[in-house]
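Trainee: In case you want the letters, here they are:
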Amino acid sequence: MKAPLLQVTELVKHFPVRGGVLNSVRGHVHAVNGVSFDVAQGQTLGVVGESGCGKSTLGKLIMRLIEPTTGSIRLDGAEITGLDHRALLPLRRRVQMIFQDPYSSLNPRLTVRQTIRQAVRLHRVVPRDQEDAYALGLLEKVGLRPDAADKYPHEFSGGQRQRIGIARALSVRPDLIIADEPVSALDVSIQAQVLNLLMDLKRDLGLTMIFISHDLKVVEHFCDRVLVMYLGRVVEARPCQELLAAAAHPYTKALLGANPIDDPDQRRPLTVLQGDVPSPYHLPTGCAFAGRCPIVQDHCKQAPPPLEVKADGRPVACYRVV
Amino acid sequence: MRPTNAPSQADDRPAAAAGPGPVLRVRNLSVCFRTDRGVVTAVEDASFDVRASETLGIVGESGCGKTVTSKAIMRLLPERTSFLKPGSSIALAGRSGGPDLDLARAPESVLRGVRGARIAMVFQEPMTSLNPVFTVGWQIEEALKYHTTLDARARRARVVEMLRLVEIPNPERRAGEYPHQLSGGMRQRVMIAIALCCEPEVLIADEPTTALDVTIQAQILALMDNLRRRLSTAIVLITHNLGVVAQVCDRVMVMYAGRVVETGSVGDIFHRPHHPYTAALLHSIPKAGARRHAQRLPVIPGIVPSLTDLPPGCRFSDRCASRRDACGAGEPDLTDAPTPSDSPGVARAVRCFFPIHHAAPPAAGNAHTSPPRADP
Chain W
-16 MKAPLLQVTE
-6 LVKHFPVRGG
4 VLNSVRGHVH
14 AVNGVSFDVA
24 QGQTLGVVGE
34 SGCGKSTLGK
44 LIMRLIEPTT
54 GSIRLDGAEI
64 TGLDHRALLP
74 LRRRVQMIFQ
84 DPYSSLNPRL
94 TVRQTIRQAV
104 RLHRVVPRDQ
114 EDAYALGLLE
124 KVGLRPDAAD
134 KYPHEFSGGQ
144 RQRIGIARAL
154 SVRPDLIIAD
164 EPVSALDVSI
174 QAQVLNLLMD
184 LKRDLGLTMI
194 FISHDLKVVE
204 HFCDRVLVMY
214 LGRVVEARPC
224 QELLAAAAHP
234 YTKALLGANP
244 IDDPDQRRPL
254 TVLQGDVPSP
264 YHLPTGCAFA
274 GRCPIVQDHC
284 KQAPPPLEVK
294 ADGRPVACYR
304 VV
Chain S
400 MRPTNAPSQA
410 DDRPAAAAGP
420 GPVLRVRNLS
430 VCFRTDRGVV
440 TAVEDASFDV
450 RASETLGIVG
460 ESGCGKTVTS
470 KAIMRLLPER
480 TSFLKPGSSI
490 ALAGRSGGPD
500 LDLARAPESV
510 LRGVRGARIA
520 MVFQEPMTSL
530 NPVFTVGWQI
540 EEALKYHTTL
550 DARARRARVV
560 EMLRLVEIPN
570 PERRAGEYPH
580 QLSGGMRQRV
590 MIAIALCCEP
600 EVLIADEPTT
610 ALDVTIQAQI
620 LALMDNLRRR
630 LSTAIVLITH
640 NLGVVAQVCD
650 RVMVMYAGRV
660 VETGSVGDIF
670 HRPHHPYTAA
680 LLHSIPKAGA
690 RRHAQRLPVI
700 PGIVPSLTDL
710 PPGCRFSDRC
720 ASRRDACGAG
730 EPDLTDAPTP
740 SDSPGVARAV
750 RCFFPIHHAA
760 PPAAGNAHTS
770 PPRADP
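Residue numbers (this note's numbering), protein chains in the order written: chain W, -16 to 305; chain S, 400 to 775.
No wet-lab data here; the hints were simulated from the structure. These figures come from a predicted structure and were not determined experimentally. It is possible that part of the hints are untrue.
Claimed, not checked - Listed next, with one range per pair, are the computed distances between beta-carbon atoms:
(1) W:E123 / S:R511: 55 to 61 Å
(2) S:S495 / W:H11: 58 to 64 Å
(3) S:E571 / W:S167: 36 to 42 Å
(4) S:R511 / W:D84: 36 to 42 Å
(5) S:T527 / W:V108: 40 to 46 Å
(6) S:T480 / W:V0: 40 to 46 Å
(7) S:V439 / W:E123: 31 to 37 Å
(8) W:N6 / S:T527: 28 to 34 Å
(9) S:T480 / W:T94: 28 to 34 Å
Glycine is no exception: its CB is placed at the ideal position from the N, C-alpha and C atoms.
Pulled out of the complex, with its shape left as it was, chain W reads as follows (with noise of 0.2 Å):
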């Protein structure tokens, strides 16, 4: 079997909060707390979990934008945590990053075509002569006409600012795209339509994505596999189509119930979780769920349950799912 295009292995970020007259650490927040999890060539991974699972911290952590504390990233086989500034170059080029923000995401100061043409121009992806027809190609695979090349981002509505920044992430042919919430801030019009375009896109150009997102329905709609994550650990990893029916974790159970289904006659009292989530500057001691968890028992406040291949052959980190 071909290795996987990414590996990542026990991968951890904390980081430190400081404080205090002389400013010492304090303490630490631990965004990503041992994550492991491969992506094979051409399929998109689904990471999904609440606000600050880590799921965001995650995908920068991959990108290179911030430094792990502990843990390795395999791209391709070679190792790229530890890289220095000189030999991340090549590696910006193979990853590329869609974010959540359209809006901020663009540089005001700058039309359509600098922005495309400055990522093009930095790895050389084309020949100097051939970058403005690169460019005009790019717009239009995403669904944009040649004459937004000379517009600049406020011209644009959102669903149009994402298809721009989606064009400026495919403009160096990277291998691996890493997808922040891309459609959360667009109308449920649009979103249709950036979604139908990263489903083209992905299949034309065979793109190996990871797609992080709170909106289980879009995740569902969209991934091959998807990992939930809660307080910087996976909890459950499944291929998609297994997510509705055989999902084993209660987070994950509790995650589904909670997502209210857009049919009146399905009207079900939404599973509601009793508290917030703790915060990830004093972990609890168990597991992370435990304070929230319906089916919790004392053993599992002990320590943290590991993710561990269960009955159905997938990985869960509960005590309770055999």
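Guided by the hints, dock chain S onto chain W, whose structure is given.
Mentor: For chain S alone, kept in the frame of chain W given last:
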């Protein structure tokens, strides 16, 4: 329960056969803004009712006028740049059979007595709608100070009671905390406590859960539903989340580019949408359960038009899949829909020359699609 009020106006759609009369009756509401490019009408000729213990959903995408509608009811829009067109009326039913109060014409002094006491509002952003320099207890007490005759001790007791009602743990301690010390979900619960502390007849919730995680959203929706049942509050829920609408609303009003385009019971709207916009909106969301992986979603082409640059005729005509020539000629009126509502007494109307046809509801009059909620 309130006595059934007979509809007073000839154009009133029939009220629920055996329900209380509307608490809030909005008629011909048109909201205009003065801008550099002339007067823009953000909401045009909207009419709707809300009854006690009922949840009305107002659905639409950004720029459709749903937030402007809610702020217009509260009369919270800036007076310098906006105005209600003459003829707009926002009638709040009089307490214990008294005369109605028209908020559209009421002076500011009267409005101040109504806001927070009889109509309250919950905003989308719990972070920005609480005052960061006062404790949450103080902010709840402020409403009580203004609208009730309770003394200081009774007010503080009421503050703790309200915090307990919205399920905030340690209410005595939390009352003394500042907004930044609370999580997003807790802040939204404090907003609801402020809104409900004077037991208003109408609660307007403008995207109350949009900024929240789905598990917290479920908490807030359950809480609002619980309070609606206990206090018979009429709720106007403004949202773009169709799942939320399907789960909690009794009736739905769909808006597009400043116009009401369709009204009906929640079952009517989700199962027999007559307006092509409603139907397209429902189709464009990924369906949970029915997995259609790697299939394209049906989309609505184009974008919501700017209010200063509306297409001629029907405002949806430039994006509509079933558009015909007549659609560009004139704007359709909001008329009775081809099929009646599945719930008795619910106004079923659509603004389209060529509404989508459906067979009559399977069990007309049976109201099977909006089942009574299970009591706790």
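Trainee: Indicate, hint by hint, whether the structure satisfies it.
Mentor: These are the hints, each one checked on the structure:
{"no.": "1", "hint": "W:E123 / S:R511: 55 to 61 Å", "verdict": "holds (57 Å)"}
{"no.": "2", "hint": "S:S495 / W:H11: 58 to 64 Å", "verdict": "holds (60 Å)"}
{"no.": "3", "hint": "S:E571 / W:S167: 36 to 42 Å", "verdict": "holds (37 Å)"}
{"no.": "4", "hint": "S:R511 / W:D84: 36 to 42 Å", "verdict": "holds (37 Å)"}
{"no.": "5", "hint": "S:T527 / W:V108: 40 to 46 Å", "verdict": "holds (42 Å)"}
{"no.": "6", "hint": "S:T480 / W:V0: 40 to 46 Å", "verdict": "holds (44 Å)"}
{"no.": "7", "hint": "S:V439 / W:E123: 31 to 37 Å", "verdict": "holds (34 Å)"}
{"no.": "8", "hint": "W:N6 / S:T527: 28 to 34 Å", "verdict": "holds (30 Å)"}
{"no.": "9", "hint": "S:T480 / W:T94: 28 to 34 Å", "verdict": "holds (33 Å)"}
When the structure is compared with the earlier hints, no violation turns up for any of them.
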